[in-house]
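Asker: Line by line, the protein sequences give chains A and B. Numbering-wise (my numbering), the first sequence opens with residue 1 and increments by one. Numbering-wise (my numbering), the second sequence opens with residue 368 and increments by one.
Do not take every clue at face value.
Straight-line C-alpha distance at most 25 Å; calculated DSS-like pairs for lysine-lysine [claimed, not checked]:
#1 Lys477/B x Lys340/A
#2 Lys33/A x Lys7/A
#3 Lys197/A x Lys86/A
#4 Lys403/B x Lys90/A
#5 Lys477/B x Lys86/A
#6 Lys33/A x Lys58/A
Listed next, the stretches of chain A that the computed footprint assigns to chain B, with coverage defined by at least 3 CB atoms under 8 Å from CB atoms of chain B [unchecked claim]:
#7 11-22
#8 52-60
#9 178-187
#10 195-204
#11 227-236
#12 271-282
Hints were generated in silico from the structure; no laboratory data involved. Given the structure is predicted, the values throughout are model-derived calculations rather than measurements. Even for Gly, the Cβ is constructed at its ideal location relative to N, Cα and C.
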Amino acid sequence: MNNFIYKTDSMVEWLTNWLQQHLHNPLLVEIVKMLVGAGVLAGFVSVLAMVLIYIERKVAAHMQQRLGPMRVGPHGIFQTVADSIKLLTKECITPQDVDRFVFNLAPLVCFVAAFVSLSFIPFAPRIQAVNFNVGILFILGISSLGVFGILAAGWASNNKWSLLGAMRAGAQIISYELSAVLALLAILIFAGTLDFKEIVESQRNGWWIWRAHGIGIVAFLIYTIASTAECNRTPFDIVEGESELTAGFHTEYSAIKFAMFFLAEFINVFLVCAISATVFFGGWMPFHIGDMTALNGIFDLVPPFVWFFGKVFALVFVVMWFRWTFPRLRVDQLMRFEWKYLMPLALINLGVGAVLAAYGGFFFNKF
Amino acid sequence: MDWLYLAVMTLVGVVFVLGGFFLSRLLAPDHPENVKNSAYECGEVPYGSAWVRFNVGYYIFALLFLVFEVEVLFLFPWAVVLREIGPLALVEGVIFLLILVFGLVFAWRKGYLVWH
Numbered sequence: 001m002n003n004f005i006y007k008t009d010s011m012v013e014w015l016t017n018w019l020q021q022h023l024h025n026p027l028l029v030e031i032v033k034m035l036v037g038a039g040v041l042a043g044f045v046s047v048l049a050m051v052l053i054y055i056e057r058k059v060a061a062h063m064q065q066r067l068g069p070m071r072v073g074p075h076g077i078f079q080t081v082a083d084s085i086k087l088l089t090k091e092c093i094t095p096q097d098v099d100r101f102v103f104n105l106a107p108l109v110c111f112v113a114a115f116v117s118l119s120f121i122p123f124a125p126r127i128q129a130v131n132f133n134v135g136i137l138f139i140l141g142i143s144s145l146g147v148f149g150i151l152a153a154g155w156a157s158n159n160k161w162s163l164l165g166a167m168r169a170g171a172q173i174i175s176y177e178l179s180a181v182l183a184l185l186a187i188l189i190f191a192g193t194l195d196f197k198e199i200v201e202s203q204r205n206g207w208w209i210w211r212a213h214g215i216g217i218v219a220f221l222i223y224t225i226a227s228t229a230e231c232n233r234t235p236f237d238i239v240e241g242e243s244e245l246t247a248g249f250h251t252e253y254s255a256i257k258f259a260m261f262f263l264a265e266f267i268n269v270f271l272v273c274a275i276s277a278t279v280f281f282g283g284w285m286p287f288h289i290g291d292m293t294a295l296n297g298i299f300d301l302v303p304p305f306v307w308f309f310g311k312v313f314a315l316v317f318v319v320m321w322f323r324w325t326f327p328r329l330r331v332d333q334l335m336r337f338e339w340k341y342l343m344p345l346a347l348i349n350l351g352v353g354a355v356l357a358a359y360g361g362f363f364f365n366k367f
Numbered sequence: 368m369d370w371l372y373l374a375v376m377t378l379v380g381v382v383f384v385l386g387g388f389f390l391s392r393l394l395a396p397d398h399p400e401n402v403k404n405s406a407y408e409c410g411e412v413p414y415g416s417a418w419v420r421f422n423v424g425y426y427i428f429a430l431l432f433l434v435f436e437v438e439v440l441f442l443f444p445w446a447v448v449l450r451e452i453g454p455l456a457l458v459e460g461v462i463f464l465l466i467l468v469f470g471l472v473f474a475w476r477k478g479y480l481v482w483h
């Protein structure tokens, strides 16, 4: 059993075999596997959101030399559990004159878009709910559906703050989407595949962030900035700038419906960091340098999922760090920064990357 | 078969949300009243409809986004095969990228990238 930590692929094998012995219909085996995967992921996102909110509050607190939540449980670790129960048992107010159907649909769209996107992420070898050969294209498409939820929420709420916040969110998310995609494309040229599993495999001899001759680092910086903006996080949070728009598109939402938006937001933060970790930092692949077998052997001792979550949470920490470092941008600055600086830079980066890749110029050429 | 996985994931996501809504309906109190249900405008009585006219600038950026996003989409298959085909694909890709850059320069010169 201990071996399973390292060989998650054999764990999946074992589960499949066990199911095949007990259920003789192959379709039934597949369906049970699907339900297990989806159930595990649903449990995972619930816990993930609680953990991320706790981390967020603690990081915020310690950056401001406060202690943060301390009362519920040791060091306040049960604070977010208590908060979730509170959100579940609070009155769910639906204001009059809202478009009821769209009002209720909006949190659902936001959450489902984020949740389904998460199923493409390879957490460890073979621990991946959905594996498409165009995975990264799909994940970009599905996660962008979330913006429909935000626009729907703003429009249906019958509230001026909500409408303004939603319009801002829409303009911002679609603008920064371009830079994010262009930055990812620069690496996909080197990897030569859109399949998440193969992207991870292609980094066996080193992660793309430095194997790609500087292109990787520039692309990573662009992607980090653009994805922070896509998640509507500070310094790009004019969407819900408290001092001007109360809470932006979710002003009228309360209790469980608000919780769904909140959940979707934190899943999205995790998601963009997971994509970043997979494409630039090799996903679950341990730190490897070319031919140095001894060194690579030492790093192999750490289980793949520890590598994966280590990378993702390091990136999540950076995103949280941004929040207490940079002041909020104004809307015209936001648009100028994207269209006049970030996107041209991403285009140039892509062009240079294309030239390098076409002539086979990158470190550790062996696969 | 992978499509079925995707469908099941979507379904579980929907069930997760609806289950949450249902649980909340079971547990949460429900006492609607007029003042509580009115739109929130920082304590003021809401004035007029919220479906107001908004800045046309959002529309311009949406149009720009549409143009660029579709072109970026065409770059995906190119990016995958670039290393196999080599310099020839590079030339074709750069021509396509230049059209993209031309569009950006055009919008820039016309002043569409400035927020009004």
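Asker: If a hint holds in the structure, say so; if it does not, say that too.
Answerer: Comparing the hints with the structure gives:
1. Lys477/B x Lys340/A: 13 Å, holds
2. Lys33/A x Lys7/A: 18 Å, holds
3. Lys197/A x Lys86/A: 40 Å, violated
4. Lys403/B x Lys90/A: 14 Å, holds
5. Lys477/B x Lys86/A: At roughly 52 Å apart (the allowed maximum being 25 Å), lysine 86/A and lysine 477/B break the hint.
6. Lys33/A x Lys58/A: 37 Å, violated
7. 11-22: violated (count 0)
8. 52-60: Three-residue rule not met by the segment 52-60 of chain A, so violated; n is 0.
9. 178-187: Answer holds; 4 residues pass the 8 Å Cβ test.
10. 195-204: violated (count 0)
11. 227-236: Violated: only 0 residues of the segment 227-236 of chain A have a Cβ under 8 Å from chain B.
12. 271-282: violated (count 0)
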